[in-house]
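Protein chains in written order, with the working numbering: chain A, 629 to 1006; chain B, 695 to 980.
Among these hints, one or two may not hold up.
Chain A side only, calculated, beta carbon under 10 Å to chain B, not exhaustive [to be verified]: (1) 670; (2) 672; (3) 674; (4) 705; (5) 709; (6) 711; (7) 758; (8) 899; (9) 940.
Calculated from the structure, these hints are not laboratory results. All values reported here derive from a predicted model rather than from experimental measurement. Glycine included, every Cβ here is placed at the ideal spot set by N, Cα and C.
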Amino acid sequence: MLEQIEAIKRLPSKTVNSLKRVLTIDFMKKNKIMIVILFILCIYPIGPQMAGIDYLIHIGVVANIFAIIAIAWDINGGYTGQGNLAPAFFAGITGYTSAILTTQAGWPIAPAMLLGIFLSFLSAVAIGFPSMRISGPYLTIVTFSVAEVAKKLTIYYSDVTKGEEGIGGIPRIFEGAFLNFYWTLFVLLAVYLVAMYIMRSKWGLAFKAIAADETRAQTLGVNLLKYKIISFSLCGIIAGLAGGIYAHYQAHIDPSFFGIIMAISIISMAVVGGEKTLLGPILGAYLLQFSMEGLRFVVGQAPWVRLSLHGVLLVVVMLFLPGGILSIFRKEHKEDAETISTRVKGWLHGIFFIDNEPENSGVDPELSEEHAAEQVDQ
Amino acid sequence: MINLEVLFNGIILGSLYGLMSSGYSLVYGVGKVANLAYGHMVVASIFMAYLTLFQWDLIFWVGAPIAVIIAVLISMGTMVLLERVTDNDQRVIFLSLGIAIILENILLAIFGGTYRFAPTIITGLVEFAGIRIQTYRIVVFVITIAIFIGLSLVVAKTRLGRSMRAVSQSEEASWLMGIDVKRVKFATSGIAGALAGLSAILLLPIYSIYPSMGWDYLLIGFAIVILGGLGSLNGTLLGGIILGTTESLFGYYFIPGLRGAVYFVVIIIVLLIRPRGLLGKKEASH
């Protein structure tokens, strides 16, 4: 113990300060949910391993990988506010590059994955440039069509990509679900910490400024082009890393990885867990992955029930809980959760009495003016 | 020498695409609501028409209106939900994507994922100066142009059309002028649903039907609306014809499997060179 403390003292002071900050009780009290979730993640596979149910660990591994892609999306789509539908596309690029190079050109895994990540970085930069001129639904459609074209090209050039069946027999990095779980969890935590560091740095501030109001951010001296491209390329690199790990874990990759369903499932993970948080994507990935697999037992093999789960969750969260599940626990978003019932009432009211404004009905006009003034102040 | 049959078929198909996208153009132009479930609405209507006309064997004048009504209902229902979140672009996008997924999976649950083909009601070929075109497609072209003329008249002459144009220019100002903005938006989404339903009935025998084709229609619709210019009906027709022709010629002369890539290239080029489209007006400053 003493030796370790000595070792910590010898570290550069910046690191020591951040370590000290992490190790204080105060920090733990402030981040209760985070610590609970990370702790549960760390001990999760021990139970299934003792019981010998590899399948449960396998779901965890996939959830870890999707959580990484969801974090990648969250940096770009959540914090920077870009309606990006291409996170799965970035992941697919690395997955395919690495799969093709290792199975057909005989490359080792590490350089193949690095090249793949570099390619998804380049494609992210290429998508980042148009984001200067277009925004909102237009950007969503552009990123969506990029992914769709990638899917069509993959199916079309089937001599390299093996068409719709996909590439099989990709070499694994680690064998066994237990080892893979801790390996993916390690990458997930590393990505989580790096992302947390980035979001607290100048970059993160710039991202949030862009999301809040682009014109204002530009007026205040945020270089839009630079930070948008940084945001996109971060998304590309992190999602690419996860895509490579996915291909080398499943030993198989197919064009559905580029498809819209994959993109939406990843976004719904981030959004359901909590957009603009880093813990949200992890929570959402686990929640959705486990409920999808759980539904398999309840409804059998009918795929449409499981697939529509994403849609239903997206609709419900967007209507009633825009901050995601995490916002229920968070103080600063607490009012969001408290207004759910009001929201449901207003919503029902809107369906049956379309003409009446629910907030104005039966309320003194002066009072409602005060209410409006309050909202402006907020 | 361009193959004239392919060219004419492309023009006819393009006009139909234009009709399909006009509803989208109206909703987006008037309500500023990007309804990404629009493609699936069209597909739901196509399936409804297939169900009523070919499985229940209803007569055309009973089956077709049911399909149109379904599209109108879905369109207005989507509008009820989207109306709640219009203040935030991203929430509109994800909410409509969620609705799209739900619609797709409902269709998948009812009809399964198999490809279906519907026979044409009107058969036969028309031969004209050495070019042979299916009679059905000529009928489609005539109906499409007729609907377009009717729609332009509605937008140009009626009270509803005037209020739609007013709302599309400025919501606040038209609200101050005594226009019931909410009602106009709902009426617009109803008209859009009707247009989607009509184009769905016309599209029914042209392509094979399967639940996930909604994404393709979404891309087509968006590409045409961007190309033609937002809120411009003539632009939508022109954009549709250009896109349909390009797609058919590309599919005929180059790679049939990559026809879908045309939409993407069109979207990118137009957005980068002329973001307001061919006939679009410059957007008013906020």
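Checklist entry - Would the hint on residue 670 of chain A stand, with a C-beta cut-off of 10 Å toward chain B? => result violated (31 Å)
Checklist entry - Can residue 674 of chain A be said to touch chain B, with a Cβ gap under 10 Å? => result violated (35 Å)
Next on the checklist: Under 10 Å is the threshold here; is the Cβ of residue 758 of chain A close enough to any Cβ of chain B for the hint to stand?
Outcome noted: Given a least distance of 6 Å, the restraint on residue 758 of chain A holds.
Checklist entry - Would the stated hint for residue 711 of chain A survive a check requiring a Cβ distance to chain B of less than 10 Å? => result This hint holds: residue 711 of chain A lies near chain B, its Cβ roughly 5 Å from the closest one there, short of 10 Å.
Checklist entry - Minimum Cβ distance from residue 705 of chain A to chain B below 10 Å? => result OK, holds: residue 705 of chain A within 10 Å of chain B, min 8 Å.
Checklist entry - Against chain B, with CB atoms and a cut of 10 Å, does the hint on residue 709 of chain A hold up? => result It holds, given that the least Cβ distance between residue 709 of chain A and chain B is near 7 Å, below 10 Å.
Next on the checklist: residue 940 of chain A was flagged as interface toward chain B. Is the shortest Cβ-Cβ separation under 10 Å?
Outcome noted: This interface hint holds because 6 Å falls under the 10 Å limit.
Item to check | Cut-off 10 Å, beta-carbon criterion: hint that residue 899 of chain A touches chain B | outcome: holds (6 Å)
Checklist entry - Can residue 672 of chain A be said to touch chain B, with a Cβ gap under 10 Å? => result The hint is violated - residue 672 of chain A has no Cβ within 10 Å of chain B, the shortest such distance being about 29 Å.
Hints 1, 2 and 3, counting from the list given before, are not met by this structure.
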